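Work the whole structure out from these sequences, hints included.
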Amino acid sequence: SAVISQKPSRDICQRGTSLTIQCQVDSQVTMMFWYRQQPGQSLTLIATANQGSEATYESGFVIDKFPISRPNLTFSTLTVSNMSPEDSSIYLCSAGQGDNGQETQYFGPGTRLLVL
Amino acid sequence: SQQGEEDPQALSIQEGENATMNCSYKTSINNLQWYRQNSGRGLVHLILIRSNEREKHSGRLRVTLDTSKKSSSLLITASRAADTASYFCATDPMDSSYKLIFGSGTRLLVRP
Chain B
1 SAVISQKPSR DICQRGTSLT IQCQVDSQVT MMFWYRQQPG QSLTLIATAN
51 QGSEATYESG FVIDKFPISR PNLTFSTLTV SNMSPEDSSI YLCSAGQGDN
101 GQETQYFGPG TRLLVL
Chain R
1 SQQGEEDPQA LSIQEGENAT MNCSYKTSIN NLQWYRQNSG RGLVHLILIR
51 SNEREKHSGR LRVTLDTSKK SSSLLITASR AADTASYFCA TDPMDSSYKL
101 IFGSGTRLLV RP
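These protein sequence lines map, in sequence, to chains B and R. All the letters of the first sequence, read from the start, carry residue numbers 1 to 116 under the numbering used here. All the letters of the second sequence, read from the start, carry residue numbers 1 to 112 under the numbering used here.
Treat the hints with caution; some may be incorrect.
Straight-line Cα separation of at most 25 Å, PhoX-like style, residue types lysine-lysine; simulated pairs [unchecked claim]:
1. Lys56/R - Lys99/R
2. Lys70/R - Lys99/R
3. Lys99/R - Lys69/R
4. Lys7/B - Lys69/R
5. Lys99/R - Lys26/R
6. Lys65/B - Lys99/R
The calculated label-pair distances, taken between Cβ atoms and stated as ranges, are [as the list claims (entries may be wrong)]:
7. Thr67/R - Ser81/B: 35 to 43 Å
8. Ala10/R - Pro71/B: 35 to 43 Å
9. Arg111/R - Pro39/B: 21 to 29 Å
10. Lys56/R - Ser18/B: 39 to 47 Å
11. Pro71/B - Arg111/R: 43 to 51 Å
12. Ser84/B - Arg54/R: 40 to 48 Å
13. Thr77/R - Val62/B: 40 to 48 Å
14. Asp64/B - Ser58/R: 20 to 28 Å
15. Asp11/B - Val44/R: 22 to 30 Å
16. Leu109/R - Pro71/B: 38 to 46 Å
17. Pro39/B - Leu109/R: 16 to 24 Å
18. Pro71/B - Asn52/R: 32 to 40 Å
19. Ser81/B - Ser12/R: 35 to 43 Å
I should point out that these hints are in silico values taken from the structure, not numbers from a laboratory. Nothing here was measured: the structure is a model prediction, and the numbers come from that model. Glycine included, each C-beta is placed from N, C-alpha and C at the ideal position.
If you want it as structure tokens, here you go:
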């Protein structure tokens with residue numbers, strides 16, 4: 001299984017600022033994803049982080065608000081831009097491994113963000 | 001949008017009892033995965049069941065999948081206080097690129 005780390009583990013930020021979250025996988029993986037989990041809710045996919053090209057965003061999420069980078073097969077960043085209190089959530093990255101299209105996804109520990 | 005709905009939303013049982021959680025989904029899938037989350041932390045992968053499988057076991061966990069009913073269940077036998085957590089099902093729809101769609105989750109409390 002893939003071991004995934006995220007930095008920072010938590011942060012408290014002021015409205016209007018931006019925060020970049022880093023995700024590091026201990027092995028090369030095909031797929032990397034970013035999810036948001038709002039308080040007391042389930043996970044919602046923000047985007048697929050594509051290596052060497054622009055991320056693929058889900059409905060309701062845009063690149064200007066959540067720019068994503070993936071420079072190689074083990075690393076990705078998510079930036080939460082121009083933050084507001086509604087962005088207070090846990091942000092999780094995941095990585096997919098598997099053969100024959102049967103991808104098991106492993107998750108990082110998450111970044112808990114509070115926006116004041 | 002969430003594809004999966006889970007029930008019950010919350011479950012409270014005594015240590016040693018079995019816990020059953022159910023998940024329903026809407027579209028055809030490649031596989032379905034179950035995860036555990038402790039107190040808003042990261043997700044721990046429990047088990048993956050493929051669309052052509054009907055039942056899978058891992059330790060005290062038993063997962064079933066009924067693709068005709070678009071439903072799955074997770075059974076935890078002989079529960080322990082350490083099993084207290086939120087449990088999520090997640091589906092990999094056939095029309096997606098390995099993107100997981102998460103259910104609403106079941107909050108399990110195992111009383112010592």
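Tested hints:
Between the alpha carbons of Lys56/R and Lys99/R the distance comes to roughly 22 Å, so the proposed pair stays at or under 25 Å and holds. A C-alpha spacing of about 18 Å is found between Lys70/R and Lys99/R, which places the hinted pair at or below 25 Å, so the restraint holds. Pair hint Lys99/R plus Lys69/R holds up; C-alpha atoms about 22 Å apart against a cutoff of 25 Å. A threshold of 25 Å between alpha carbons decides the hint, and for Lys7/B with Lys69/R the separation of about 41 Å lies outside it, so the pair is violated.
As the CA atoms of Lys99/R and Lys26/R are separated by approximately 15 Å, the hinted pair is consistent with the 25 Å bound. Only pairs whose Cα atoms come within 25 Å are accepted, and Lys65/B paired with Lys99/R is accepted, the gap being roughly 21 Å. Here the CB-CB span from Thr67/R to Ser81/B is close to 41 Å, well matched to the stated 35 to 43 Å. One distance hint, 35 to 43 Å for the beta-carbon pair Ala10/R and Pro71/B, holds here, with the actual separation near 42 Å.
For Arg111/R and Pro39/B, the Cβ-Cβ distance of about 25 Å falls inside the hinted range of 21 to 29 Å, so the restraint holds. Checked against the given bound of 39 to 47 Å, the beta carbons of Lys56/R and Ser18/B, roughly 43 Å apart, stay inside it. Hint check: Pro71/B to Arg111/R, Cβ distance near 48 Å, so the stated range 43 to 51 Å holds. A C-beta distance of roughly 46 Å is found between Ser84/B and Arg54/R, which places it inside the suggested range of 40 to 48 Å.
The hinted window of 40 to 48 Å between Thr77/R and Val62/B holds, with their beta carbons roughly 45 Å apart. A beta carbon spacing of about 42 Å between Asp64/B and Ser58/R contradicts the range 20 to 28 Å that was offered as a hint. The supplied range of 22 to 30 Å is met by Asp11/B and Val44/R, whose beta-carbon atoms lie about 23 Å from each other. At roughly 43 Å, the beta-carbon separation of Leu109/R and Pro71/B lies within the given 38 to 46 Å, and the hint holds.
For Pro39/B paired with Leu109/R, a C-beta distance near 19 Å keeps the hint of 16 to 24 Å intact. Checked against the hint of 32 to 40 Å, the C-beta distance between Pro71/B and Asn52/R comes to roughly 37 Å, which is consistent with it. Between Ser81/B and Ser12/R, the C-beta spacing of about 41 Å keeps the proposed range 35 to 43 Å intact.
Comparing the model with each numbered hint stated earlier shows that hints 4, 14 do not hold.
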